[in-house]
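Chemist: Construct the entire structure; sequences and hints are all you get.
Respectively, the protein sequence lines represent chains A and B. Under numbering that gives the first Met the number 0, read the first sequence as residues 0 to 218, first letter to last. Under numbering that gives the first Met the number 0, read the second sequence as residues 0 to 475, first letter to last.
Think of the hints as simulated: they come from the structure by calculation, not from any bench. Every clue listed holds true.
Ranges between beta-carbon positions, derived for each pair:
#1 B:K298 / A:Y44: 36 to 44 Å
#2 B:M305 / A:N38: 40 to 48 Å
#3 B:M305 / A:V98: 26 to 34 Å
#4 B:S334 / A:R116: 53 to 61 Å
Capping the alpha-carbon separation at 30 Å, the derived lysine-lysine pairs in DSSO-like fashion look like this:
#5 A:K79 / B:K274
#6 B:K410 / A:K79
#7 A:K150 / A:K115
The beta-carbon is built from N, C-alpha and C at its ideal position, and this holds for glycine as well.
Here are the chains, one letter per residue:
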Amino acid sequence: MANILVVEDEIAIADLISMNLKLVGHNAYQIHNGNEVMNYIETHYPDLVVLDIMLPGKDGFELMKEIEPLHIPVIFLTAKETLNDRIIGLRLGADDYMVKPFEVLELLARIETVLKRYRTSGNVFNLDNLDVHIDEHVVLLNNEQIELTTKEFQLLELLILNKNIALSREKILELVWGYDYIGETRTVDVHIQRLRKKLDLNDRIITVYKIGYRLEVPR
Amino acid sequence: MKFWQKAYLYVILIFLIGFDIITYLSISKSYSLNMSEMYSVVENERYVIQSSLRARIADISPLYQELNAENLKMYVEPYGSYYKDQKIYMEVYLNDSLVYSDFPHTLIDRPELQIELGQKSTITRAVDGIPYYFITSYLGEPYSSVKFVYIKDIQDLSSFKSEMIRHAILSSIVVFTSLSVVLLAMLLKLTAPIRKLNQGAEEIAAGHYQKRVRIRSRDEIGELANSFNKMADSVENRIQRLSELIEARQLFINNLAHEMRTPLTAILGYSESLKYANLSDDERVKAIDYILSQSDRMKNMAGKLMDLVMLTHENICFEKIDLKTIITNVESSLSQKFIDKDIKIIKRFKESQILGDKDLIESLIQNIMGNAIHALPHGGRIEIETFEKEKVLVLSIKDNGIGMSESDLKKIFEPFYRTDKSRSRANGGAGLGLALCKQICDLQGALIDVTSELNKGTKFEVKFTTLPHLDDNPAK
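Modeler: Take a look at the structure:
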């Protein structure tokens, strides 16, 4: 749960990002003009800024220079794809640089990585009677610790990060077991079954027909 | 071999051959003149000696009746010893046997002695490396048994010839070196502009198209340099035009890629969300709406791009059209927007007939009017005028909307340029309308001008040169 500012002049894309951020449990606020950004940041101090570069008013690079002293993490999300622009963006102090068109899952993962880097208190996810201390790798069900294998925990973490978003078996295999894992999507089914059983998540981890699995969380 | 080297070699070669031939000829001539002079001198001398010898013999011989070796030797000796100092030697034979000789060398072969009675022989030959001139003759009646050989040392004369030749070689070397220096300097100076030209050409070939050659001379090379510079000018111009064209095209492609990227990102993202995410009904509708509107935007852009690409001279027809009717058509197609924004239209038509492509002109006016509508606030005003001025038909479309800054004005005809990107994108504009207008005007032989002032309004003026009643009409 973080407050994220989305600075993007294309309303369609700003809405897309906000929608997905809200799905995984963040609060998103949109600004479409570069001149209004600093005012908002100085009054609201968001946890992270997703920043476009080509904006009406002040552009992203200019804004980055002003945001940098405030130590608020920034991820550039832009159509400017040259190496030079990336270097400028990262040199100015951005935490990451993503080029459009982007995949929503990747943006969410990168946002999570940056947030993790800046997080001071422990990151705890709870759902019903389940508490997951993500940073400490501790899972409590009804306040009793449940032992999970590394892969099971990684799978659980992935589902939590992308809550309310379905993940295909192939995607899960790629993200948890790695690109070069020569296995079958069956492996994913087996691990999902185990998680459901161990953590009493039968109603929460749902099978999406023809797509994959999704951890559903009340919104 | 370089030109100057060739020229140098040829000139030097021709000069040396000519010089040497002339020198040789003049030396030979002067030598032979000298020789013949010497011969006549020597002949005279010999004649004097022989005559006086003969006279002396004649004086004395009647006393002795007959010559013999002893008395003959006695007669000759005074002459011999007298002339010996002058390097003149003599031999006397009596009946082919040697009577007297003061010649210092021993002679074995004697070709000069082989003469018939009454004959005379003259032979020049070297004895022990020294050239001698031999004259042999008989003393004549009544002493025809006496053979007199006159021998003169001509060392001096032949050394005169070798002296002459040595002198000629020396002067030839002096002339050769000084000529070489002068010639080389001259050739290098003459060919310097060629080298300069060559250097310039090489630099241009290496890509420095702004390089020019500065040669002041007025000769052929100067003319060549001038032509060369003219050529370089035109090459540079053309290259520059080409690179500008390429740059513009690259910019167009970059812009296009960027413009396509935004709707694509949105369409991809929302489709993904629809497929994977647990969206609420509202969110689903919103996602679908965005997919539709962004697809529409891409369709719009593709259409305009096609128009831009397809607009070429080949598929344009010029016909007599009346701007009045076209403007009325455009007005009715945009009427809903005029009503929505409560826009007032003021029309003043004078002359309004032109030659042109009806569809293109309609598209042109539609684009300009569309821009005016976007720029106008609620209750704005558009003034449309047509009139003829100096063989040009002017169509003026003026609004009192938000106007543009000067920096915007310079760029509005560039593809994908927007004065306010978020607003006109929200209106579904691709940023191609005015680029299209510009291209239409180029094809129609019309000029498009725009003047604008921030917050006061914008005026577009299209000046058509294709008028139906003008004879020098390029379109016909």
